[in-house]
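In order, the protein sequence lines correspond to chains B and Z. With this note's numbering, the residue at position 65 of the first sequence is 65, and numbering never jumps. One rule links them: number in this note's numbering = place in the second sequence (from 1) + 467.
Hint data in this document are derived by calculation from the structure and do not stem from the laboratory. Owing to the predicted nature of the structure, the values given are computational and were not obtained by experimental measurement. Among the hints, a few may not be true.
Claimed, not checked - With a straight-line cut-off of 16 Å between C-alpha atoms, the simulated EDC-like cross-links for lysine to aspartate or glutamate are:
(1) 502/Z to 206/B
(2) 306/B to 511/Z
(3) 112/B to 293/B
(4) 306/B to 293/B
Each chain, written out:
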Amino acid sequence: MSISITGLILCICMYPFVLIMYVLVKNEAESKKGIYYGVTVPKEHRSAPEIKEITAVYQKQMKRSLWVMLIFPIPALFLPWESIVVAVWMLWMTISIFIFFVPFAIANGKLKEIKREKEWQTETAADVEVEIKSAGAIRRVKWYHFILQCVTSVILPVLVIFGDFGSRRQPLFVMMLTFAGISFMFWGIAVWQDRQKTQIISSDSDVNVNYNRAKKNLYKNFWVLCSWVNDGYMVWLLFCVDEWGRFTQMFWWATGGYLLGTMIPLIWMVKKKSALDKTYETKRNKVTSEDNDDNWIWGMLYYNPKDRHSMVEKRVGIGTTMNMATGGGKAMMAFAGVTLLSLPVISIWVIMLEFTPIQLVADENRIVANHLREEYVISMPAIEEAELLDELPKMSRNSGTAMENLKKGSWSIAEEGNCTVFLDPRNDVFLRIETPSRRYYLSGQNDEETKAVYDAITAWQANVDMK
Amino acid sequence: MIITLQDGSEVPVFKQIRNQIVMGISDGRLAPGEKLPTVRALAEEIGINSMTVNKAYQLLKQEGYIITDRRNGVRVKENFEQTKGLTTESEQELARLISEAKVKGMTRDDFIGIVDKYFGKGRGKV
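Please construct the entire structure, taking both the sequences and the accompanying hints into account.
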């Protein structure tokens with residue numbers, strides 16, 4: 001029994017994720033601003049034994065979930081099938097996103113029930129409070145905070161189009177365009193967040209204005225930092241593709257640097273926000289003003305059709321959340337649903353890729369490569385040269401599939417450039433075909449199939465020569 | 468100044484906004500000449516249609532509590548007309564409140580006590 005390398009890499013990359021999720025949700029459950037498990041609890045009831053009981057059960061469930069998630073993927077390390085290993089980790093990832101929210105939702109439901117039974121509802125329930133002194137007045141995001149980063153992010157793809165980048169142009173341009181879009185997205189989110197309703201923490205308007213100004217300034221600085229990191233990454237990418245159009249090792253360093261580069265502003269922002277909340281803790285006297293627990297599904301998802309705000313301050317934790325009753329909220333939910341659904345779909349697709357054998361056949365005057373669908377068709381008259389190889393040259397993938405039993409897509413070979421590959425690397429015989437437009441490296445399911453296709457090509461060419 | 472709007476109230480939202488602003492002026496939370504948010508900004512902040520806020524502002528303007536102009540936006544009036552009386556509508560509202568208090572067994576002194584409490588706040592004389 002040996003450990004699968006893919007499994008090991010996935011384990012190293014994904015294992016910290018479950019720990020981060022655990023800490024994150026556990027942190028959300030800590031009572032803040034008089035809110036326990038997403039339920040507003042009036043001051044006089046905060047030390048009630050019922051809450052302590054719920055907390056004890058919650059902590060036990062959280063620990064149990066963590067252990068289950070830590071043990072669950074270990075057998076997958078010893079599975080020989082790559083696609084199954086990937087599927088297990090995808091499933092694990094999907095469950096990890098939700099599992100820790102289950103104890104939170106249970107605790108939320110229980111506490112809501114107790115609150116109803118014991119009549120802890122505050123008198124101001126269902127009231128909407130608005131600070132009119134600062135309505136529309138606290139805006140920290142100005143166009144000049146983002147314009148430079150956005151202009152740079154537009155210039156870089158243009159530079160790639162007109163610059164001397166050879167075969168690097170296409171992959172670089174796609175990357176640049178994607179990250180230019182991210183720059184604009186950061187600007188958009190910053191503006192959206194800046195237009196949030198003023199959070200009321202005190203009956204003193206000046207306190208509310210100062211707190212919200214400081215908070216919005218912090219969010220603005222965070223997004224400005226992120227957009228600079230994004231620009232830095234784009235510039236770095238220019239040096240990460242070699243003359244064959246392949247991403248070099250520098251690319252991975254750059255990507256690692258980018259992830260770290262965005263994590264640093266995030267940690268900085270979280271720390272600053274905690275410090276800000278601490279500073280205003282003594283001035284906070286409006287903790288239970290908006291007692292609208294029923295608008296918070298499981299204490300996490302905000303659904304209020306009467307509120308036209310699409311983005312609201314999170315009840316617990318740092319940042320904002322969407323109002324699911326608005327168009328924007330629904331679109332966001334649909335996007336999240338599609339993204340999550342794509343994980344099992346991808347898993348099934350990968351399993352099908354691994355377990356469906358490739359097929360290479362020659363019919364009348366063409367060669368057809370089949371795998372799940374008709375992948376490539378090469379017309380016999382277009383073949384300039386065909387050669388049987390007993391060894392494959394060293395190649396690296398540009399795009400496509402790389403599995404133990406399957407290589408297909410666009411690959412790069414030193415001194416030959418980009419090639420189209422469709423083969424099972426475990427075979428002993430491969431077919432190299434030259435056409436005016438492309439170079440192919442092919443094989444059938446087995447060596448007999450490859451040889452049969454080669455024979456068909458030579459027979460066809462002999463026939464043409466005779467004519 | 469914080470205004471509180473009740474979701475399930477029978478009083479329409481525009482009236483609630485109007486009442487809260489009048490109370491703010493009365494108890495001094497809104498100073499004479501103080502700038503109020505624009506219709507759009509307030510509507511966005513509350514999360515309601517701007518027509519509702521516009522209706523509240525129109526009413527306040529008509530009653531002489533606020534002034535609007537293109538350059539300075541919406542402001543609380545510096546001086547209020549000293550009519551030394553209530554509008555017919557407000558008097559009817561007061562009559563309704565007194566009736567409610569009587570039905571609930573309040574004495575005249577109890578009622579005057581509440582009147583004193585609110586009359587003593589902010590603007591005006593006791």
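Hint-by-hint comparison with the structure:
1. 502/Z to 206/B: holds (15 Å)
2. 306/B to 511/Z: holds (13 Å)
3. 112/B to 293/B: Holds - the C-alpha atoms of residue 293/B and residue 112/B are around 8 Å apart, at most 16 Å.
4. 306/B to 293/B: The hint holds at about 14 Å.
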